[in-house]
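Student: Letter by letter, the chains look like this.
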Amino acid sequence: MKSVLPILTVVLAIVVLWYGATVGLNAQWTRDQAARAGVEVGFSDILRDTLSQTRPKLPAPHQVVAELWQSTWMEEVYGRRGIVQTGSLSNRSLIYHGWVTLSATMLGFAFGTGLGILLAIGIVHSKAMDMSFMPWAIASQTVPILAIAPMVIVVLASIGIKGLIPKAIIAAYLSFFPVLVGMVKGFRAPDTMQLDLLKTYNASRAGTFWRLRLPSSVPYLFASLKVGIAAALVGTIVGELPAGASAGLGARLLSGSYYGQTIQIWAALLAAATLAAGLVMIVGVIERAVLGRMGMRA
Amino acid sequence: MKDFAGAQTVIEAKGVGLVFQTDDGPVQALKDISLTIGRGEFVSFIGPSGCGKTTFLRTIAALEHPTEGTLTVNGMTPDQARQARAYGYVFQAAGLYPWRTIAGNVQLPLEIMGFSRAERAERVRRVLDLVDLGGFGKKFPWQLSGGMQQRASIARALAFDADILLMDEPFGALDEIVRDRLNEELLRLWAATSKTIGFVTHSIPEAVYLSTKIVVMSPRPGRITDVIESTLPRERPLDIRDSAEFLAIAHRVREGLRAGHAYD
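Residue numbers (my numbering), protein chains in the order written: chain C, 1 to 298; chain Z, 1001 to 1264.
Be aware that a few hints might be false.
These stretches of chain Z come out as covered by chain C in the derived footprint (C-beta under 8 Å, 3 or more residues) [said to hold, decoys possible]:
| id | stretch |
| --- | --- |
| 1 | 1074–1087 |
| 2 | 1097–1109 |
| 3 | 1139–1149 |
Quick caveat, the hints were computed from the structure, so don't treat them as lab data.
Even glycine gets a Cβ: it sits at the ideal position worked out from N, Cα and C.
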């Protein structure tokens, strides 16, 4: 309960600021419309209008929440194309688009995590790999993902790979790096004394890896996974932005901006943020359970 | 007094020297160390920081390699002896894995050395009893005091029945009351298992109380200034430390340290 109050305070502050900004940013449009119609507007008129425009510069929080409600529960339960009427998710609902994004995110995340761990194992055990590979891994992350994503989509589409896989590859591209860096550090976490101890048992490198390096790296793994899963989500959404994607939160953002549907954009943004927070929280719960079982308190 | 002169040689050093190459140039860590340790002896290495006592113990364990002279363990090179798992090593810190229970920690070397499951359980039970930790096998390290953790680490070193036990200031981080108790227990354990023990310490009473042979070392470069064969009986109650004989040996250790300018 003690942690709820600070969170609520921050949320409240954000909402207050948001409403203030909504009025401020949308007021110009209200005044322009009034001037065109030749009517005088008072403060209360401005207040009422700025918070209920159909295409505001900045939608008010309640508009975004209403849109979220409309494009999830209402669409699926009462909509003509909703799951209740048709048995399949509506392509106008954020649940559908969120699911498309989530599945690509999870595939990319799994792939990126696996790749990151494998590369970390190689780097820790091979000096040549340590020297040769790490600079490339770092360089790979300095290239703007927005520049690469369309090329990955186009190149893969030309050889017939479409849909989930290209997006997952972009997600993996972003998520392998934090896992790689974290796991290299994690595998190197055991101190000299612990390594010497295994040396006195004449343990093999494999034995040292399984019995010491791997368990020592677990706290680092979870820290990396939290960053990696959020990065995978960003990668997937970026992969959905290039023209061609018709489904996913990224496509939803793009179509919203095509048609000036700011409320739709913000609803999709909020859905993406909620998804990211949920994923990080799930990793956090697993982390606490695993570290608790391992006798290490998170 | 027990005479070890005729006992079988376990560790033999002849003119052992070790030079570390550091960024500030070469450092002579050990110089001209010659020493013979017979089976069943309890040998303490004592001296101030930087005298090479830990380094010498590590060369016996093949964790460091001499740059001069010859060193044999059980008639083999230290590396061969390590591969033959000739010794158990106890470090300054217990270094138990926090993710393993005490029993899990003690059986770590047994897993690596490929003992069967039944054999592991049997040995873990036996060595935990030996260090008075029977019944603590299912606890995690953080649930135990520092002294108990160090006892668990000794059990771990004993688990695979190496006849040499190398201990690097195992009780250095513990308070004196716990240390006294562990010293008594260590003597009991030594008598029960008849192992050869190499023990690094910087406590004069601890060295005199425990050892059959005290090797006094001094720094810059690390060398031996005196080797004292203890005249104390093998049975040693704690109050033997007030006897004239004990004080005489302690005095000689102090003299050896002074001769090596340990007090400068």
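Student: All hints, please: hold or fail.
Tutor: Results of checking the hints against the structure:
Chain C is given as covering the stretch 1074–1087 of chain Z, and this holds because 4 residues of the stretch bring a CB closer than 8 Å to a CB of that chain, at least three being needed. Figure legend: the stretch 1097–1109 of chain Z, annotated as covered by chain C; annotation consistent (7 residues with Cβ-Cβ distances under 8 Å, at least 3 required). As drawn, the stretch 1139–1149 of chain Z meets chain C at 3 residues by the rule of a beta-carbon pair under 8 Å; at three or more, the given contact holds.
Checked against the numbered hints given earlier, the structure satisfies every one of them.
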